[in-house]
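There are 2 protein chains.
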Amino acid sequence: MKRTHVADLIFVPEQVLDARTFDALRDAGADENSARAATRAMLHASRLGIDSHGVRLTSHYAKVLRGGRVNPTPQMETRRTAAGSAILDADNALGHAAAYAAMNLACDMAKEAGVAAVGVVNSSHYGAAGAYALAGAEAGLIAVSMTNTDSVVALHGGAQRFHGTNPIAVGAPVPGHRPWLLDMATSSIPFNRVLLYRTLGRSLPEGVAADQSGQPTQDPNDVEMLMPLGGIDFGFKGAALAGFVTLLSAVLTGSTLDHLMIRMAETDDFKTPRQMGHFCLAIDPDRFAGRALYEAAITRYLADLRASATSQGQSVMAPGDREWAVEAERQRTGIPVDPETAKFLGVG
Amino acid sequence: MKRTHVADLIFVPEQVLDARTFDALRDAGADENSARAATRAMLHASRLGIDSHGVRLTSHYAKVLRGGRVNPTPQMETRRTAAGSAILDADNALGHAAAYAAMNLACDMAKEAGVAAVGVVNSSHYGAAGAYALAGAEAGLIAVSMTNTDSVVALHGGAQRFHGTNPIAVGAPVPGHRPWLLDMATSSIPFNRVLLYRTLGRSLPEGVAADQSGQPTQDPNDVEMLMPLGGIDFGFKGAALAGFVTLLSAVLTGSTLDHLMIRMAETDDFKTPRQMGHFCLAIDPDRFAGRALYEAAITRYLADLRASATSQGQSVMAPGDREWAVEAERQRTGIPVDPETAKFLGVG
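Note that the protein sequences, when read in sequence, are chains A and B.
The first sequence begins at 16 in the working numbering and counts up one residue at a time.
The second sequence begins at 16 in the working numbering and counts up one residue at a time.
If you are wondering where the hints come from, they were derived from the structure by calculation, not from laboratory data.
Check before you lean on any hint, since a few could be wrong.
Identical copies look the same in the list; a pair holds intra-copy or inter-copy alike.
SDA-like cross-link-like pairs, simulated, lysine to any residue; straight-line CA separation at most 25 Å [as the list claims (entries may be wrong)]:
| # | residue 1 | residue 2 |
| --- | --- | --- |
| 1 | 78 | 231 |
| 2 | 126 | 96 |
| 3 | 126 | 93 |
| 4 | 126 | 92 |
| 5 | 126 | 95 |
| 6 | 286 | 192 |
| 7 | 78 | 42 |
| 8 | 78 | 66 |
| 9 | 358 | 90 |
| 10 | 358 | 210 |
| 11 | 286 | 307 |
| 12 | 78 | 274 |
| 13 | 286 | 25 |
| 14 | 78 | 279 |
| 15 | 126 | 301 |
| 16 | 358 | 279 |
| 17 | 126 | 94 |
| 18 | 126 | 104 |
Generate the whole structure from the sequences, applying the supplied hints.
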């Protein structure tokens, strides 16, 4: 991974970045819907500071659109299977287009059925899971998005890459405020962090990564795989959560298991579709406590959370708080882009 | 907490324990349905080695049945709100009766709607969350059960008890085998473990508990609160998962928030109902990939998991594997019961 000094970053207004990202995807052949969805999801990540899934991925997506892995002009098809369930066949679309369509459908169905889930099949990398949970929350629902990914995380006690970083994202509407928004990998850190620490010559925290024999290591140069959330003593919990994501994204939908999936990047094959599955769920508060009670409860919950005692020098935050703060800052400063991406997008 | 030397344990056949537990609850006034449900859930925990939620709780439930906190003869009511959603008002029943009824209803609805969720209100302590996830899996569905509980876990950076240990349980059917079964607290350890280590004079693992100022401590005598799963560096993930459980169990259903809930045990009030909420979700594989594909996929997933490389001296397990092994052993040996519980149940 190429590292960039902060001084090298170029700050670009969101609107400019949005337009250039969209154009780059269109140039690579993506149809308008695909390009809009991928741009929206990448800008979500870039706005909120999740830069690993931000506009820096544009060149990757252009590559897989051109290589044939991803279908630039998919004919996505939806099959409703019951009042609260559907399968969306993405026809190897950019995963963002599939995931937004699936969440949209889940929300529509949940408004009728109370709860709804959509399984996505024949999809591809979908970027930041939180983009779709946020879309669901903005539609007024409690929304969950997850996807399994190519394997890079050991099982607890394991000595090979087995699960992906398998994110779980949840969004919940908050009246008068940005949503409660969780977007977490089921490993402690992403593999990118290992590469970053290699470049910086820094030691990793304890219990986040292992060498090729599965032994925990803090030396980033020795890392062959990540360890699951929970670390040396409690990694069985992170591994189980990763398995839960695989169960819903791949097993339930009949899609590719993590360890059988073509790698996103560490491969020469950018031609074969990866046939990824995703899962999304939407829950309508109107069908449970009712909107008024829900809104009062989440407002009280967050007020009490924010007023709670903090450890010296620390603060407490609800999921999303850090990201909304980054978003506000970047609205002022523009979005920082590394030189390579800036060059690719023509904003350098 | 009173500790028991292994030598003091009394091994009781499951059938005997089941009958005595049921009788003790009936003696405390519980109607037949309540007593059967609580007995089933406690025996689930005792069989699988989750002794903190096993038959040792019988005396606690007898106390709250007699004290008035729990209604021994509840009139539970179900309100269907849409094809895939319902609210179950437990009328302050034993939580086990409410949770089994809710999961049963969710499974029935999911068979029609593909996916279904039930929010439980006006409930009480429901024991091991996995009991209900298992019930759903045994009915052929992927089933999720969760509940918020009285607060004992700090927020990440926090210095007060805010969330409960807020378990997440998931069960998934496996053809020809016992289900994939996850039942995890969103803290690293339960508070009982702190009490145990106090008695044993042992140091706790790093990053699992904090003193009254919120500083991490490994001295069990200094512990005022637990830390969320993820420990010192990544506890924001465990805190977010605990918050997710609170969102679905309490905020969505309009039930009591963790930090406003009457304590289960550290209180003199065994008269006032705790008005707990629970949440359960059922997903029917028939409405996604279809049963045959689902069964082939989970079989492959588990076979590959069990055949995967292990770190030296370690083994890899799927969620539930450890528990099914304990169950098999206890079928041979009987279930170990501490002397106090044995005396209470008349099996000593």
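The hints, checked one at a time:
{"no.": "1", "hint": "78 <-> 231", "result": "neither (35 Å within a copy, 47 Å between copies)"}
{"no.": "2", "hint": "126 <-> 96", "result": "both (16 Å within a copy, 11 Å between copies)"}
{"no.": "3", "hint": "126 <-> 93", "result": "both (18 Å within a copy, 20 Å between copies)"}
{"no.": "4", "hint": "126 <-> 92", "result": "both (21 Å within a copy, 23 Å between copies)"}
{"no.": "5", "hint": "126 <-> 95", "result": "both (15 Å within a copy, 14 Å between copies)"}
{"no.": "6", "hint": "286 <-> 192", "result": "neither (43 Å within a copy, 38 Å between copies)"}
{"no.": "7", "hint": "78 <-> 42", "result": "within (11 Å within a copy, 71 Å between copies)"}
{"no.": "8", "hint": "78 <-> 66", "result": "within (19 Å within a copy, 54 Å between copies)"}
{"no.": "9", "hint": "358 <-> 90", "result": "neither (32 Å within a copy, 68 Å between copies)"}
{"no.": "10", "hint": "358 <-> 210", "result": "within (22 Å within a copy, 59 Å between copies)"}
{"no.": "11", "hint": "286 <-> 307", "result": "neither (50 Å within a copy, 30 Å between copies)"}
{"no.": "12", "hint": "78 <-> 274", "result": "within (23 Å within a copy, 51 Å between copies)"}
{"no.": "13", "hint": "286 <-> 25", "result": "neither (32 Å within a copy, 63 Å between copies)"}
{"no.": "14", "hint": "78 <-> 279", "result": "within (11 Å within a copy, 57 Å between copies)"}
{"no.": "15", "hint": "126 <-> 301", "result": "both (8 Å within a copy, 22 Å between copies)"}
{"no.": "16", "hint": "358 <-> 279", "result": "within (22 Å within a copy, 60 Å between copies)"}
{"no.": "17", "hint": "126 <-> 94", "result": "both (18 Å within a copy, 17 Å between copies)"}
{"no.": "18", "hint": "126 <-> 104", "result": "both (22 Å within a copy, 22 Å between copies)"}
When held up to the earlier numbered hints, the structure conflicts with 1, 6, 9, 11 and 13 and fits the remainder.
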